[in-house]
Each structure stands twice: as C-alpha cells, then as structure tokens.
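Colleague: Here are the chains, one letter per residue:
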Amino acid sequence: MGSLDVRKYGCFGSKSAKFLRLNKIKEIVVFIFFSSSLFAQVSNNISSVTFGELKTGSPVEITAQLANPLSVTSVQIVYKSFQDIDFRVRDMEIVGNTATYKIPGKDISAPLLSYYLIIRLSNGGRETYPQGVPDFAKPIDLTVNNRTEKDNEILILSPAEGETVSLSDLFISVSLVKVPDIVDVSKTKIILNGEDISSKVMFAGDLLLFYPDNFPGTVKSGPQKIEIEVYDKEGNLYHSVMRGFNAIGTEGMFAAGKKFTYKGSAIGEIRNENFNSQSTLYNNIGLTLSGKYDNWRLRGYGYVTSEENPYVQPQNRYSLTLSNNWLHLRGGDSYPRYTDLLLNGKRVRGIDGSVEFGGVTLQGSYGQTRRSVEGNLLETYPRDNTPLVSNVIMIDSSKYGNPYGRVEFGVYGRDLLAGRLAFGNRNKIQFGFNFLHSKDNVQSINFGAKPQENLVAGVDLNMNFDSRRIVIKGEAAVSILNSDIATGSFTEDQIDSIYSTEGVTGGDAETFKKLSQAFSSIITVNQFIEPLNFTELSSLATEGTIELNYLSNNLKGSYIYRGSQFKSFGQEYTRTDLQGYNIHDRIRLARDQFFITLGYENLHDNLQNTKQSTTTFQTFRVSASLYMQANMPNITVGYIRNQNQNGVDPLDTLRINVDDITNRFTVNLGYGFNLPVRHNATLGFIASDRNDFGYYKSDANYLSTSFGLNSYWTSSFLTSLSVIYYDSEISLVRYKYITFSVGGKYRMLQDNLELSLYFSPSYGDFERQSLDFITSYQLIQNLWLRLQMRYYNMTRSYNNSIAGLTVRYNF
Amino acid sequence: MRHNKRNIVKKSFALLFLIAISISFIAAAENNDETPIALVKKIVKNVTHRVNQDSDWELAKTGMPLNSGEQVKTGFRSLALVLFTDGSGLLRVRENSILNILGKQSDKNLNKNTVIEKGFVGFEINKQEAEEFKFTTPTAVAAIRGTEGFIEVGDKNLSTIACSEGKIEVESLIGIKSKIFVEGGYFAVQQPNGYFKIKQLTGKMLDKLKQTKKSSLEKIKIETKEGTIEVEYYSDEE
Chain A
1 MGSLDVRKYG CFGSKSAKFL RLNKIKEIVV FIFFSSSLFA QVSNNISSVT
51 FGELKTGSPV EITAQLANPL SVTSVQIVYK SFQDIDFRVR DMEIVGNTAT
101 YKIPGKDISA PLLSYYLIIR LSNGGRETYP QGVPDFAKPI DLTVNNRTEK
151 DNEILILSPA EGETVSLSDL FISVSLVKVP DIVDVSKTKI ILNGEDISSK
201 VMFAGDLLLF YPDNFPGTVK SGPQKIEIEV YDKEGNLYHS VMRGFNAIGT
251 EGMFAAGKKF TYKGSAIGEI RNENFNSQST LYNNIGLTLS GKYDNWRLRG
301 YGYVTSEENP YVQPQNRYSL TLSNNWLHLR GGDSYPRYTD LLLNGKRVRG
351 IDGSVEFGGV TLQGSYGQTR RSVEGNLLET YPRDNTPLVS NVIMIDSSKY
401 GNPYGRVEFG VYGRDLLAGR LAFGNRNKIQ FGFNFLHSKD NVQSINFGAK
451 PQENLVAGVD LNMNFDSRRI VIKGEAAVSI LNSDIATGSF TEDQIDSIYS
501 TEGVTGGDAE TFKKLSQAFS SIITVNQFIE PLNFTELSSL ATEGTIELNY
551 LSNNLKGSYI YRGSQFKSFG QEYTRTDLQG YNIHDRIRLA RDQFFITLGY
601 ENLHDNLQNT KQSTTTFQTF RVSASLYMQA NMPNITVGYI RNQNQNGVDP
651 LDTLRINVDD ITNRFTVNLG YGFNLPVRHN ATLGFIASDR NDFGYYKSDA
701 NYLSTSFGLN SYWTSSFLTS LSVIYYDSEI SLVRYKYITF SVGGKYRMLQ
751 DNLELSLYFS PSYGDFERQS LDFITSYQLI QNLWLRLQMR YYNMTRSYNN
801 SIAGLTVRYN F
Chain B
812 MRHNKRNIVK KSFALLFLIA ISISFIAAAE NNDETPIALV KKIVKNVTHR
862 VNQDSDWELA KTGMPLNSGE QVKTGFRSLA LVLFTDGSGL LRVRENSILN
912 ILGKQSDKNL NKNTVIEKGF VGFEINKQEA EEFKFTTPTA VAAIRGTEGF
962 IEVGDKNLST IACSEGKIEV ESLIGIKSKI FVEGGYFAVQ QPNGYFKIKQ
1012 LTGKMLDKLK QTKKSSLEKI KIETKEGTIE VEYYSDEE
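Protein chains in written order, with the numbering used here: chain A, 1 to 811; chain B, 812 to 1049.
Just chain B, with the same shape it has in the complex (with noise of 0.2 Å):
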C-alpha cells in the first residue's frame, strides 16, 4: 500500500515534471523565440496551411509566418508566393500543390527542405554558400545551388524538373537511383524505372516556364444569353 502510495507520488512528480516541461515548451513557443524558416508573401484565391500533419487546414493570409513543418495546399486556380527568412528564395506554388516547408538552423545557415507531396512549385534561389537547398518529392530529391526553374509532380508520383539558369543535382529515389545534373536551358523528365532522361528546354517547357512566373489572376466577363461566363487567368506579375 505504501509503495504504492510512493509510485503514485513518484508518477505524480513525474507527471508534474512533465506537465511543467510542457507547459516552458509552449511559452517558449508562444514567446516567439522560433523564426519561422519562410512566410507567405501573396495568395491568389484559395490557399490554406496547417501547422502539422494531426491539425486541421485552416486559411493562410499574406504576410503568414511558415515554420518548419508547416504546410501549404492551393487549390484550384490558387496561388501562393513563399519567401524564405533567410532571402535565399522565391517558391511559386501554383494551383492543386501540397507541400511541406521543412528547416533546420546551423549555425547562422539555414538548411531547407521544400518537400512537394503533389502540384507544381516554381522556385528562383539565390546563390547557396554553406546552406543546404533541397526539393523532395515522393520519388526524387534535388539540390539546389542558386537557380530558377520548377519542380513538378505527375501521374505516378514521377517527377519532371526543369532548370532555366544554374545547376540542380537530382537524385532518384526510385528503380535506378542514379544521381543526375540538370544544367540551365535542360529539363529531366523521370521514367517509372527511376531513370531521368534529360532534355533541351522545349518552347512548351519554356511557355511553361514563363507561365509560372505569373501570378496576378484577372478575369474576364463574357456576356452570353445563357448568361455570364466568367473566365480567370494568370497574368504578368506585377
């Protein structure tokens, strides 16, 4: 009975111990002592984020701070600008795109990872030093050493990496995990056996390329005797 009483006092103890930690986490938190790794520079329609992957999707508004872990969904003809605290880039998420923003400090270098579970991300990054830049999707990761360009997950989960300026080194994370460069003016289109076949930019890709920078939506209005006929489109960012 008495030992009991001991182990429900020593549980107790613990437990408050625990609580307490808890509760200096959370004031920690709450006290802003985090920078957040990216913020929300401008949303286009509908645009949401959640803090992990247990809560819920709440919406994002501009100026939102990001921090690691937290992630972004667009929906349909959506857009949101990101911008990471450390000015090292620009991602463009474009519409129907999920991903996660992940970071982790070193020192004064910040080390990113911008996993896109699904969707369309452009990207322009400055020139990394010592800081680590990567995409990750379900089947490739890709370094980034300052360059423009996008990242796009398509059926299969297969990636499709396009690279107007700089360098990327990809890797498969799939069949043939062969590790690949893909150079300014080249795009890498990955095959269901893991493999990257590398490709001069197209003018489709470079349309492509061109519409990703794009993110001020207009809308036209056209009169018809069904009636109103609303159409959105992307136009030159301001």
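Okay, chain A solo, but in the shape it has when bound (with noise of 0.2 Å):
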C-alpha cells in the first residue's frame, strides 16, 4: 500500500472526486486496521496494567508494564469517569520497564472509570492500549466502589492512610464503634501485608489494638497494607477496608539533634531484550533523595538510561525541588498543574514553583517541554530543477551546494512560560488569572517545517460553600496561535506592500502598524496567527459546572465552549470545536447500598460554521450499582446511548452524512468469599452495538467478557486466574480470541524471598503465549535484588524475551 499521490486527489471540488478520496481514505484505515491487528486488549508494548482500589473521590495510581521498553518514547494515560464530558490526557512517568500515573481523587467518580493508553513509539509509530481506540475498539471500563456508609463505619484510626511511620511509635487501632449490631466484633480479622495478625490483636470493646512491639518482627520497614475484614453474626463477610502505610526503621528518620537529615534509595537495573534474532543491552541508574533543614525540605530525583539518545525526546529524568510551609520550587523536570484548559500535567524541564502567602497564591514555570532534533538532508536541487513536493525547503546554498533540498523533519524545541496569581483561599473561595506564552527556538535546528507560537489568557473560579455541598467552579481562556513563525513579524515595509495592494480590505496600514507593534513583543505576528477575528469567539474556551449534595443526591451540572481555534500547548489534546451541556445525578439509596447515576449530555460542533453540516452528539447514561451488606456479590449494570447527527440529508452527494447509535451495557460483578480460604471474584461483561445509518455504514458491534479470581492460600501464597474472552465484528470483518492467564506468588525464608510466576496464553485471531518470571531477595537489610524474567512468543510474527537485574538500596 503505497501512501496517497497528492497530485492525483489534490482537487476535490467534483462529487466523483470526493467519492473517491473518502473511498481511498476508508481503504486505508481498514488497511492499517487489519495489518497490525488492532484489537482490544492486546498490546504489542504493554505487558499489564494494574490499578489501586478505586473509590470516589479517593487518588489511586495506575503501573503500566511496557513490554518492549526500549522502543517506547512516551506513554499517555486518556480517562474519564462515566459522568465527564471529555477524555483527559496526562503523560506518565516511565522509569525502567514501567510507567506511572497518579489520578486525582478529584477525577474519580462511581460507577464506572474509562481509559485506554496512548503509547509512542521510538520509530515514530503510535499504538493504543487496548489497540484501536478510539476508533476500532473502545476504552477498559473499570469498576468504581462509591464511599459507602460501611467504609464510614469501619474506622482506621492508626496509621493514617499514606502516613510515614517509625517502627518504633507504630501501632494499629481500629475503630468499630459505628458498625450496626449485625457485625460481630470479634470475628473481624486483620490482615497485614497478606498476614492474619488478628490472634494478635487486642479487643478493648470495639476498638481494636495491635502493637508491633509485642512481636518482634511482625512488621519490617518498607512500604505496608492493612486490610480490616469484618464479619456479621453468621460469619458472613460484612465489609472490608484497605489501607497503605510506610514504616521505616529509626535509622530512616529525620534523626532529632542534626542540623541536616536526608534519607534516600539507589536503584541500579541491567536487562537484556532479545527481539526476534536482534539483542540488545540497556542499563539504567535511579536516585531518590529526600533531606529536611528546619522547615525547609529538599527532594532530589535522578534517572539515568541508556535508552537516551538526542534524536528522540529525553529518556532521563531529573528534579530537585525545595520547599517550606509558603514556598514550592523545583528545577529540572516537574508535570505543573494550573487549570484543565491552559497546562495540567505536561513534563516541563525548567523550573516551576509556588509561593502561597496570607490569601495570595503565585505560580510559574518555565522550561522545555519539547527539546529539538534535527532533521536530515537527503537530496539538494538547483533551482530550475526542484521538484514540487511538501518535504523540499529552501536552505543554505552556500553550505550544501544547492538553494533547494529534499529533508526528512527535525522537530523544532519548544519552550513555556505559564503563571498564575489567584486570591482567596482555595477551600472555599478562590479567583485567579492565569497565562501561558509557549514558543518553538526557530534556531534549534536546521530542517524543521512550521515553527509555531501559541499564548492563552484566562480566569478561573472555585467555590464552596456549607461544607462542600455546593460547588461552583468555572474557567474561561482566549488563545493565539501562530502556526508559522518562521519568517517572523512583519515589517513595516510588508504591511505597506500588503496594503497597497489592490482588493485588501479591512483596516488600514497604519493601524495593522500600530497592532503589530503592541503585540510583536509578545507573540508574532504575520499572515498566519490565528484568530484573526476575535468577536467570533472562535479561540475562547469556558467551561462552568455547579455542584450540589442534599438530600443524597450528588447532582452535577456543567456548560462548555470551546471555540474551533482554541489551542493551548500546555493541553494540546482538549477537544474543540464544541458546545453544550452535560447533566447527571448519583442518587444514594438504602442506606448508601443502592445507587444510580443518570445522566444526560447535550454537545454539537460546528460553532463557527467551518464546516458544512453541524453534528449533534446526545449521550444518555444509566447505571445501577448494589453494594449489599449480606453476603452478596456487589454489582454494577450501566447502559449508554450514544447517537450522532448531522441532519444532512443521505441522498446529498455533497456532503457526508452522520448518523448513528450505539448501544453499550456492561455488567460488572464483584464477589469476596472464604471457601475454604479468601478468594476474590470478578466477572464483567461488556457489549456494545453501533449501527451507522450515514454514509460510511461502518457498523460495528462487540462482546468482551472478563473474569478474575485472586485466592489467598495462606498468608505468604496467592494464586490469580483470569479469562477474557473478545469477539467483534467491525465493518464485517470478524475477529476473536481467548486469553487465560494464571500464575501465583510465593514468599519463603521469612519473607526474604518471593517468587512470581505467571503463564498467558492466547488462541484464536489472535495468538500469543506470554510468561513472566519475577524472583526478588533480600540480601541483607534494605538491599534487595530483583530478578526478571519474561518470554513472548507471538505465532504469526515474533519472539521476544526480556532478562533483567534490579539492586535497589535504601539509606
């Protein structure tokens, strides 16, 4: 499959014309569809996603394990909650063979979290995690517990989640006083890190104590989890809670009587992968370093691969921030968050801080957030003799010989600058102004096309009130792009020449003058800066929602726009062009173990008439979930309709016709039990059914079933099971498989040692045989050595097998 001859299909003014680009375009699109298998939840690159325990409004992390790390240049976690109108994109942070993000509570709602990965690759490809999203294939859904009145009543007062503690002021209280009188007490069992310690405990009436100090050895500096199982009179499972903690030994505390403590880890990897017939070796050195002076504390982070090289964008990592009570700074790289329309979450090398004093907030950064690699000449012309294509530029003549040559493109380095002020506190009310000015170095390289600029303005709101139980929050932001800046401003000569030429209209050359050089100094201005009419909003984004809880009722409201223009560099992937509204409800019912979620979103494109129809995207969501306090599965039912229109009549040969719907229901189960021991269940279905009435009829429908079981033999012995089985059929093309997948860990030689191996295979379309083998020890205190292992063998096309050594050291 050739790529498309520009000359052939560069007029599209006939109908015939049109047909045929569309058709040319869809051949294209089944083509790269079948070619490289893209199906759901099957990666070439991605080996395991795993998330924490998903809660409302609780921060959970989610570990990507790349398969292929070497031939991965970035990875993007997309998600969104059931009720959000947009997917948002963040980077995750790759260190190693794994890749990490932390969602914010803020982000996470019941019942359902949607999200897929975007993974870049180091030859310039782009895959998906499931591949094929968001076109052939649709994102994982998981499933979201809502805080429910159980987790209320099940309190863990000691340690606090997430606290750092000493072995020797560390114990564990746990509070049952709110439980109902079905619960028995003294049934309720604590496990930590995997083991019953419940004989351990102490029972002081409902309260429940558990002191390290009595048993030596029971708890060993590192991270730890706690989980609180309790149980009613008939022995039935009645809720169970989680929690992670950090203990460290006294020799890993801030020691009192120093002027300067610091506390760190080194972590040094060698791993050799052997892809096909080709091997190839890399090594990797981390460094974290935490030190406290006074109030002040310094973090230091370094990582060092051997995959770093100057034609990609930078593998190491490097940060080294300082703060205090009022003050937030860091230098190197740092992933700022200001507001979701002007920068969240994008890697920044430079330096980014904060200073917070009295009801004043004031943030900036600057940095890289792209750094340049050039391009290559591969051929120069003279000037007669130059061929019309879009990779053949003006250069130097006097350097390569010839005014004229054909490059491949460098990319261009790009630098930002964004700050915030904001005043008011932001638990209650809080206003700020907020800019970004984002700019491509035109001297980094040589070969480059398109340098650009971009600078956004905005505001933004926060508002809560009776403790929460209204919130008003809002944003609005104007953008300028310049998608070319590489000639730079006019010159006053240009404006003159402009003017004078016959048929210009609008304005006049003094006052284009006198424009260029009030905003020359802050962005370029010329012939392609965008917009150039701003009483069409077509570069204002706002977005506005109000929230409110009475009455066990979480109702949310929300309004955007987003004009067609709108660019921000800090989120290149907000979705534009776009207005409407979005509106839904989770309503608690039966003491907090029923609930439904509705909602109902409004959205249509086309606000500035660039296009020739407008569509209308109406989603409707439902969903039921029943967390039962007996002895019962919890279950999530959710369905989602989702229709698009453009009204455009399919008889019109002019224009393309959008109308579809899809169906989409998922079940989702969850079932603890003890038989003998404590296994954990998961079985979900999902199904979805789009059938396309416009003009591509690219009917699409598919049934992906999942199910899991976690079982605890013994404390030091967990076995897993899993099956998914997928069948589609998308655009009449069939496909579907079957994935097992089953292993265990085992920890021996008082936890010194643990042993993981797990065995997947697939068959059908898709046909795989994946084994992962992980061994670490404990050589002696806080030096751990990590062994993997890991073979892939894909039937129709490769093999690959990774081996790797991890030291790590605590200090």
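Hints in this document: simulated from the structure, not taken from any laboratory.
A hint or two may mislead.
[Claimed, not checked] Within a straight-line C-alpha distance of at most 20 Å, the following computed EDC-like cross-link-like pairs (lysine to aspartate or glutamate) qualify:
#1 B/K1021 / A/D294
#2 A/K200 / A/D169
#3 B/K1024 / A/D294
What you are looking at is a predicted structure, and each value in this text was computed from that prediction instead of being measured.
The two chains are supplied separately, each in an independent frame; assemble them into the complex guided by the hints.
Modeller: The following block contains the structure:
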C-alpha cells in the first residue's frame, strides 16, 4: 500500500473526486486496521496494567508494564469517569519498564472509569492500549466503588493513609464503634501484608489495637498494606477496607539533634532484550534523596538510562525540589498543574514554583516541553530543477551547494512560560488569573517545518459552600496561535506592501502597524496568526460546573464552550469546536447500598460555521450499583446510548451524512468469599452495538467477557486466574480470541524471598504465549535484588525475551 | 444474741453480694467490654495520665487507649495527640496542660466533653451529626459542630477560643453568662466579668494557630565556650 498521490487527489472540487478520496481513506484505514492487528485488550508494547483500589474521590495510581521499553518513547493515559464530557490526557512517568501516573481523587467517581493508553514509539509510530482505540475499539471500563456508609463505619484510626511512621511509634488501631449490631466485632480480621495478625490483636470493646513492639519481626520497614475484614454474626463478610502506609526503621527517620538530615534510595538495573534475533542490552540507574533542614525540605530525583539519545525526546529524568510552608520550588523535570484549559500535567524541563502567602498564591513555570531533534538533508536541487513536494525546502546554498533540498523534517525545541496569580482560599473561594506563552525555537534546528507560537490567557474561579455541599467552578481562556513563525513578524514595509495591493480590505496600514508594534513583543504577528477576528469567539474556551450534594443526591451540571480555534500547548489534546451541556445525578439509596446514576449530555460542533454541517452528539447514561451488606456480590449494571447526527440528507452527494447510534451495556460483578480460604472474584461483560445509518455504514459490535479470581491460600501464597473472551465484528470483519492467565506469588525464607510466575496464552485470531518470572531477595537489611525474566511468543510474527536484574538499596 | 447473729449473717450476705457485684464489674472491666473513647496517637517528651482523680499519674504510651474520666497531663515542652475512637477528631494537647476526657455512649452516638483544667489545646473536629462535642474550661463551655481552632485557659482561668474554620457556640460560666458564636476567622477572649470580646484573627493569632499544628520536636545543639546548649523546638508535622 503506497501513500496517497497528492497530485492525483489534490483537487476535490467535484463530487466524484470527493467520493474517490473518501473511499481511498476508508481503504487505508481498513488496511492499517487489519495489517497491524488492532484489537482490544492486546498490545505489543504493554504487558499489563494495574490499578489500585478505585473509590469515588480517592486518588489511584496506575502502573503499566512495558513489554518492550526500548521501543517506547512516551506513554499517556487517557481517562474519564462515567459522567464526564471529555477524556483527560496525561503524561505517565516512565522509569525502566514501568509507566506510572496517579489520577487525582477529584477525577474519579462511580460507577465506571474508562481509560486507554497512548504509546508513542521510537520509530515514530503510535499505538494504543487496547489497540485501535478510539476508532475500532473501546476504552477499558473499570468499576469504581462508591464510598459507602460501611466505609465510614470501619475507622482505621492509626496509621493514617499514606503516613510514614517509625517502627518504634507504630501501632494499628481500628474502631468499630459505628458498625451496626449485626456485626460480630470479635470475628474481625486484620490482615497485614497478606498475613492474618488477628490473633495478635487486643480487643478493647469495639476498639482493636495491635502493637508491633509486642511481636518483634511482624512488621519490617517498607511499604505496608492493612486490610480490615468485618464479619456479621453469621460469619459472612460484612465489609472490608484497606489502607497503605510506610514503616521505617529508626535509622530512616530524620534524627533529632542534626542540622541537616537525609534519607534516600538508589536503584540500578541491567536488562537484556532479544527481539527475534536482535539482542540489545540497556542499563539504568536511579537515585532518590530527601533531606530536611529546619522547616525546609529538599527532594532530589535522578534517572539515567542507556535509552537516552539525542534523536528522540528525553528519556533521562531529574529534578530537585525545595519547599517549606509557603514556598515550593522545583528545578528539572516537573509536571505543573494549573487549570484544565491551560496546563495540567505536561512535562516541563526547567523551573516550576509557587509562593503562598496569606490569601495570595503565585505560581510560575518556565522551561522546555520538547527538545530539538535535527532533521536530515536527503538530497539537494538547483533552482531550475526542484520538485514540487512538501518536504523540499529552501536551504543555505553557500553551505550545501544548492538552494533547495529534500529533507526529513526535524522537531523544533519548544519553550513554555506559564503563570497564575490567585486570591483567596482554595477550600472556600478562590479567583485566579493565568497565562501561558509557548514558542518553538526557530534557531534550534536547520531542517524543520512550520515552527509555532501560542499565547493563552484565562481566569478561573472556585467556590465551596456549606462544607462542599455546594461547589461552583468555572474557567475561561482565550488563545492566539501562530502556525508558522519562520519568517518572523511583518515589517512595516511588508504591511505597506500588503495594503498597497489592490482589493485588500479590512483596516488600514497604519492601524495594522500600531497593532503589530503593540503585540509583536508578546507574539509573532504575521499572516499565520489566528484568530483574525476575536468577535467570533473562535479561540475562546470556557466551562462552568455547579455541584449540589443534598438529600443523598450528587447533582452536577456543566456547560462548555470551546471555539474551533482554541489551542493551548499546555493541553494539546483538548477537544475543540464543541458547545453544550452535561447534567447527571448520582442518587444514594437504601443506606448507601444502592446507587443510581443518570446522565444526559448534549453537545454540538461547527461553532464558527467552518464545517458543511453541524453534528449533534447526544449521550444518555444510566447505571445501577448494588453493594449489599449481606454476603452477596457487588453488582454494577450500566447502559450508555450515544447518538450522533448532522441532519444531512443521505441522498446529498456533496455532504457526508452522519447518523449513528451506539448502544453499550456493561455488567460488572465483584465477590469476596471464603471457600475455605479467602477468594476475590470479578466477572465483567461489555456488549456494544453501533448502527451506522450514515455515509460510512461502519457498523460495529463487540462482546468482551472477563473473569478473574485471586485466591489467598496462606499469608505467603496467592494465586491468580483470569480469562478474557473477545468477539467483534467491525465493518463485516470478524475477530475473536480468548486469553487465559494463570500464576501466583510465594514468599519464603521469612519473607526475604518472593517468587512469582505467570503464564498467559491467547488463542484464536490473536495468538500469543507469554511467560513472566520474577524473584526478589533481600540480601541484607535494605538491600534487595530482583530478577525478572519474560518470554513472549507471537505465533505469526515475533519472539521476544527479556532478562533483567535490579539492585535496590535504601539508606 | 440470736438477733445479732441474724444481723451478722444478713450483713455478711449483703457484703458477699456487694463483693460479688464488684468482682463482676471488675471482671467486666477487665474483659474490656467498654470501648475507650480516645487513644493517644503521639507523644513528645513528658506525658502522663491517670485513671481518675484519686489515682497516681503514670507515664503515657503511644497507642494507649483512654476511657471516660481519664486525665492526660503534658509537661514542659511536651505534647500529646489524642484521637477520638468515633473518628470525630483530633486534639493537640500542648505543653503544661491538663485535660479530662469524658464520653457517654447514646445508641451509636458518642457524646464527648473534654474538660480543660489548664493549658492550651488545639483541635480538628469533623462535622458532628447527632453527637455532642463540647469543651469545658473552668469558666466556659464551647459546643463544636465541625471546626478547627484552639482553646486556651489563661490567667484567672479565663478562656480564649479561636476558630479557623466552622462555628463554635460558647457560653460563659461566670459573671454575665452570655452565649456567643465564634465563626471561622475570629477569636473570643473572655473578660473577668464573663463577657466575651470577639475579634478577627490577627497575624499573631494565626501564627499561634499554625504553631498549634506543629507536633514534631527538633533539637539544635549550639557549641559555646561554656559548653553545649540544646535548643528544642517544634517543626511541622510529618
């Protein structure tokens, strides 16, 4: 399959040419789709994705294991909750063979979280996980549990969530004073890092206490997880809650009596990868350090990898953070968070800081979001023999012999400056002004195309009343984009020349000169600047939300307006040319055992009449979740109906008719039971049916079923079993496969040695066998060795094996 | 004589009965059926406690449960963090303070009253629904419904109540027994006649509120010609 011949299809003035173009595009899309096995739940680059416990309002960390880290340059997570309008796109932090991101609690709400990953490859390619999202596959849905009344009944008083506590001060305390009478407090189990320590717990009425001092060796320094299981009088599980915290030995604490104290860890990894017959060795080292002096805190992080090379974006990471009660300053790589329209979570290499004083907050960031990568000169041409193709550009003839050259374009380095000044308390009422300026460095490379510049200015407002029962949020921003600054701003002579041309209307040369003088100090002013007319509001973006939490209802209404020309380099994936509203209500019933979510969204595009027709996107969502107190499975049933229409007559041969309806059903069940040991089972069904009555007739339907079972045989031994069945028919092409996964973890030698083994074969249209073996061993206190071996066999394409050794030392 | 014998027997039975009842109560207490109303989350330096007014002060330990009526005392440069077992909040008992924690269970609700005999106590209390949460000083009673601030018993046992968030209802127990409300951003200073003056939180009071939250003790050693001087101070809570 070759590329499109621009000359052949360069003119689309006629109806037949348009038809040809559309068919051609369709063919290409279909070809790409089939030639690269673009189907859900499988990936060549992601071997697994794990989430922490998903609960409304609680932050969660997502970790993606990279199957082939050498070929991946960046990973982004794209996610949204059930009732959100937009997907959020965030950069994940890559360290070695894992990519991580912590989703803030405010972005998570029941009943479902949909997500997919975008993986950018070192060869310039792009892949999603699951493959083919969003055109040919759907994002993955995960069940989000509500914080229920039961969560509030089981109180882990100590340690607090995420608390770092010294082993000498550690105690675990759980209060069950709020549980109902059907609970038998004496049957409560406390499980610490998988080990049932209930027999070591003291009961003082409804208060449970565990003092590790009384049982030396029970808790070792490092991350800890406690799970509290509460049972009713009949022995059925009533509810369970979990908490994570860190325990550190006294040597790890900031000791009193020293002026400057510190702690940290160092990690080194050596890894060999065989891809078919090609073998590659790579190494990386990482160092984290934190120190404290008086009220000041210092945090340092460095990661150096052999994957770093000047032809791709940076792979190494480093940062140094200095903070106290009112100042936060970070140099190196940072991920500043401003507002959703301006800048949120994008990597900036430079300096980032904020100062908070009284009711005033000042935040600023300056640095590089993209480094320059030089292009290649492939061939030079004399003036009279230059082909008319897009990658032939003017070059320095004194340097290269000829005035034109065919090049492989490089990437300009891009700088960014952002700031925000806010007044008030963010927990009550806060009003902020923000701006962003980002510009490609024209001098950074010799062979590039269309360097750009972007300016965004905005305001934001946040108000909370009646203990957050009323929340009002709003933000608005306008942007200016210059899509080619290579030639710089207009000179006065150029402006005179333009206005001297016959037929040019709109203003006069003197006014334009004044405007150019006024604005050229902040952005390049030339013919590529947009918008040209601010009154059309094409570069305005605004959104407002009102949330009311009363009478067991969480009612939320949002309005958005995003002009077709709005652009922020700090949030490059914001969906534009969109206006409409979204309203949803989550209702808690039956003492927080039954939840109903209802939502309706109505959006449309073509705000500035730049398209031939206006498409309306309507979505209706409903879900019901049942979390029964008795020993029954949790069930969430959801239905989403999405209808897109542009009202164009199907017989209209000049315009494309959009008319499709997608019905999507989801059922998720979760069940924890004892038979005879503890098991956690999940079962999920997703069925989607898209009927396309429009021009493309691209009907699609799929069914995905998954089952998972984790069994805790002893405190040191757990097994996992999962089965995924996928069956789809997209544009009359059938694709189906089944994947099994079986494995387990076993700890021995007083928990100093951990072994895990997982085997996962897939059969059907997707055939692959994967084997993962990991062993970790604590050689001496605080020194860990980890060996990882992985083997992939893609029956129809490649073999891939990875062997890596990691050493970690905490100090 | 016989009548006396009968009396002795009756009295003996009554005594035995009382002893049996007492033993059963003690046994019940030892069976830990009573749920403590609070526990000591953190201790810095010298913190003691006693079961009741008649018992001796003993060293307190981290994680120690506190039953209704138990007292906590902090020494010089000392601090105790006290957590309520119903999850209703946290007290920061600053140096040289004595407080008595009282609680009464009513259905599933625990009504709490913290009696501050002297000293300075910072608090972070979650929104109370049906429960009562009170502080009592020798001269005032403060009813809390979800708020942050501190209470100080100063000269002549007069009370100062500061509120950074929420609302506190305060009633004077001396002189003019007035009832006032202290809202977030304000503090009330009790006058000798019992009257409360309400003022907006000043920079000094805001600093005091911030200091209240510090609970990690740091130490600096200064070498001088005369020897080493150790300076202890509270830094931000970890």
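Colleague: Next, verify each hint and record whether it holds.
Modeller: Hint check:
1. Between the alpha carbons of B/K1021 and A/D294 the distance comes to roughly 16 Å, so the proposed pair stays at or under 20 Å and holds.
2. Annotation: proposed proximity of A/K200 to A/D169 holds, straight-line Cα distance about 17 Å (limit 20 Å).
3. As the CA atoms of B/K1024 and A/D294 are separated by approximately 16 Å, the hinted pair is consistent with the 20 Å bound.
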